[in-house]
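Note that the protein sequences, when read in sequence, are chains A and B.
Counting from 1 along the first sequence, just add 1 to a position and that's the residue number in this note's numbering.
Counting from 1 along the second sequence, just add 1 to a position and that's the residue number in this note's numbering.
Incorrect hints may have been included.
Remember, identical chains collapse to one label, so a pair may be satisfied in a single copy or spanning two.
[Unchecked claim] Distance condition first, Cα-Cα at most 20 Å in a straight line; then the derived SDA-like pairs of lysine to any residue:
#	residue 1	residue 2
1	Lys23	Tyr166
2	Lys10	Ser177
3	Lys325	Ser289
4	Lys164	Glu271
5	Lys10	Asp170
6	Lys164	Lys403
7	Lys214	Asp13
8	Lys10	Leu48
9	Lys214	Ser9
10	Lys143	Asp318
11	Lys156	Glu387
Don't read these hints as lab results, they were simulated from the structure.
2 protein chains.
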Amino acid sequence: MTAYEIISKKRDGLSLSAEEIKFFINNYTTGRIADYQMSALLMAIFLNGMDDQESRFLTDAYLHSGQVLDLSEIPGIKVDKHSTGGVGDKVSIILAPIVAAAGIPVPMISGRGLGHSGGTLDKLESITGFRIDYTRKEFIDKLKTVGACLIGQTKEIAPADKKIYALRDVTATVQSIPLIAASIMSKKIAEGIDALVLDVKTGVGAFMSSYEKSLNLARTLIRIGEEAGKKTVAYITDMNSPLGRTVGNWLEIVECIDCLKNKGPNDLMEITHLLSGTMIYLGGKSESIEDGISLSKHLLKDGSAWEQFLRIVDAQDGDVALLKEPEFYAESEFKADFPAPEDGWIKSINAFEVGTAAVLLGAGRQRSEDMIDYKAGVRFYFKPGEKVNKGDLLFTLYTDKKEIIPFALEKISAAITTSPVAVSPPRLIHTYLDKTNI
Amino acid sequence: MTAYEIISKKRDGLSLSAEEIKFFINNYTTGRIADYQMSALLMAIFLNGMDDQESRFLTDAYLHSGQVLDLSEIPGIKVDKHSTGGVGDKVSIILAPIVAAAGIPVPMISGRGLGHSGGTLDKLESITGFRIDYTRKEFIDKLKTVGACLIGQTKEIAPADKKIYALRDVTATVQSIPLIAASIMSKKIAEGIDALVLDVKTGVGAFMSSYEKSLNLARTLIRIGEEAGKKTVAYITDMNSPLGRTVGNWLEIVECIDCLKNKGPNDLMEITHLLSGTMIYLGGKSESIEDGISLSKHLLKDGSAWEQFLRIVDAQDGDVALLKEPEFYAESEFKADFPAPEDGWIKSINAFEVGTAAVLLGAGRQRSEDMIDYKAGVRFYFKPGEKVNKGDLLFTLYTDKKEIIPFALEKISAAITTSPVAVSPPRLIHTYLDKTNI
């Protein structure tokens, strides 16, 4: 078995065996197969695909390139959520405290912003002092005592995925269903969870913009999860417009605080309760998803989720006082308002355009070595379906980079489409999928 | 313009512009684009192809990554031949002296053995002292004074191709028509030739085994050549059985000596005269290809080609005395004969199997750093279409590696298929192509 033969086989559209995939991944991770051979294989996988069995083998090879956490000492069904990424998607930060408050352990390993989309880790790190780099033992300890712990991918978790991800990012091989699926599922399975709720985004702001591809990704993810013995369900949800009213790390944390105080915007809360309610059901704390959603809403209303959030932040060295008085956070040097040029109804806000504008404002990285300006971003005052009058503020942008303001105002305002007649808010939740209906 | 964007474009099946191809090739050659990005692009080209225009742009980018020889100081039409490679294909070594003897300058840059196929350079180097590494000035001087010079690819000639070829060889991206075409044509155009005869092999021992693919390759090569202002014609010829009776470097030189003394086997001489006759015609030394073939045969018969060969070898520091008494060359430590197990007619000898067996005997490299045993190889006593009687020697193998003999005997004898009834020799020359009939 050689790297050459394996590349040739996939190049010719054949299926790879478990042994071939393991051989390639292991030897790549340890440096015996070179980057240039891996990138040839990645392009062949991108163009010729992988069947369900190969995707499982690939997930397995990623998973066993590192350690798998054993959370058996923690009682209860451990449940996590994963979103395929979008703009303004701060759901994890609201949902983790809710689900933990329901008594379900939430071991959550999140990622950083990528391209136009934000990352939970970056948002959490905008909280002064918040740490995401705990050891395995510390992670398990916090999970046990606090009920949830939100960290980044450690070097012990699926190192093959980490190395391959960096290579995909520079070889135009990111948007491949089997590669995305193995990357997501290996990390989630490595967390030691028992069940997983997937939020597969679809639309212009998602990595899979077509509904058909999002559906295929969701199916692949569920098959891999179930095969690994994890209860796995997925929702396909809308990512045409940003979720909530803010895009940008600290702006989103402030919005999460509002949400946890039960003052969140409808779209964001609809998705959050759906996902947290499903986690509560899978965690065995409700009889149905509907009951889970009711419990989720209750835990928000009675303040338990907010208290739980403060405990999580405190345990992870974050500045809790700041969360109670977020107005003391440093402000961006520049703010720019954009008023509505005429009366009308907001039809849509192009999430991709807003996400890339936010990166330019400083909220994301243009190169992997860039520093993030946590204060930077955009706040919207209207959501799709809402009525605006001429002169109403549509959005405010926040940045320290004065020179980018005219371009960003132009780009974000152009991303907003309006209608002279009333439009209804977009449908947010498209499909529910589990092993019974894929 | 970034490497990432260019990879994405080809990944999505779009055509690349001249600027994009030049940007990628130049930056790769100078090390600003990494191997792993080039290999992703190579796999995307392999799987999504390139149109004629892109192939020309790629050839041009390869060509201008290095120097283009200016042979204008040498009078006459400079003509070369290129074969896409096969087993026992020693035609260049016989044809170069014939065509030079006709008064046509032959500037020939050849390659080494690759996989199961032999290489003209390795064969020439089996002649004691023969040098293939002259400078540009020395090459032009020898071409001027001797009439032909046979060298290897210098580092000034198409360095992009050299670097990319090495990468293709380890990333399973060799057999791609646009990549093969650009590699061949950039080197040939860089030689400073005016006309080119292509021998595109088809069959089990060729790199393009299907006739359809060989035809497509020939068409692409002709289009690129004509576009570059070079008269370019091609023959598609058979490479199912080895050409001639020997496979292995020194064994093939000995066979070339026989050929140059007008005692060569029919199949080999048929191909040689066809190609040399066509070169003579393109070089303006005959009124038609048929007349060129007659002149080729005449130059062999009257000894001019043999004298010319000795002059070439002498000018390139080869041991001319040895060519006159080849029996003084060192012999392999081991010889093994294989007698015919029964009466019959030889139907075919699988060139691919024979080529790979010859490599195992020591005649080729299994890894690029391997040393070649010039003495090693196989001599056949029968050609397809000939009658054998039980007990007649079918072939002899030559090697210094005793342990490989049983396996090689088995492999080569299994490569020979026989028939109980008479069969005709295979058709060797399939198609003639030039700009008027592609």
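Status of the hints after comparison with the structure:
1. Taking CA atoms no more than 20 Å apart as the test, Lys23 paired with Tyr166 passes inside one copy only; the shortest distance there is 17 Å, against 28 Å between copies.
2. Proximity of Lys10 and Ser177 under a CA criterion of 20 Å is satisfied in both settings, with 18 Å inside one chain copy and 15 Å between copies.
3. Neither within a single protomer nor between protomers do Lys325 and Ser289 lie at most 20 Å apart by alpha-carbon distance, with minima of 34 Å and 94 Å respectively.
4. Taking the shortest alpha-carbon separations for Lys164 and Glu271, neither the intra-copy value of 36 Å nor the inter-copy value of 56 Å comes in at or below 20 Å.
5. Taking identical chains as interchangeable, the C-alpha atoms of Lys10 and Asp170 lie at most 20 Å apart only when they sit on different chains, with a minimum of 15 Å there against 24 Å within one chain.
6. Within a single copy, Lys164 and Lys403 get their C-alpha atoms no closer than 36 Å, and across copies no closer than 45 Å, so neither meets the 20 Å cut-off.
7. Taking the closest pair of Cα atoms, Lys214 and Asp13 come within 20 Å of each other only across two copies (16 Å); inside a single copy the shortest separation is 23 Å, beyond that limit.
8. Within a single copy, Lys10 and Leu48 get their C-alpha atoms as close as 13 Å, and across copies as close as 13 Å, so both meet the 20 Å cut-off.
9. In this assembly of identical chains, Lys214 and Ser9 lie within 20 Å of each other by CA distance solely across copies; the values are 18 Å between and 26 Å within a copy.
10. In this homomeric assembly, Lys143 and Asp318 come within 20 Å of each other (Cα to Cα) only inside a single copy, at 11 Å, whereas the closest approach across copies is 78 Å.
11. In the homo-oligomer, the alpha carbons of Lys156 and Glu387 never lie at most 20 Å apart, since the shortest distance is 46 Å inside one protomer and 67 Å across protomers.
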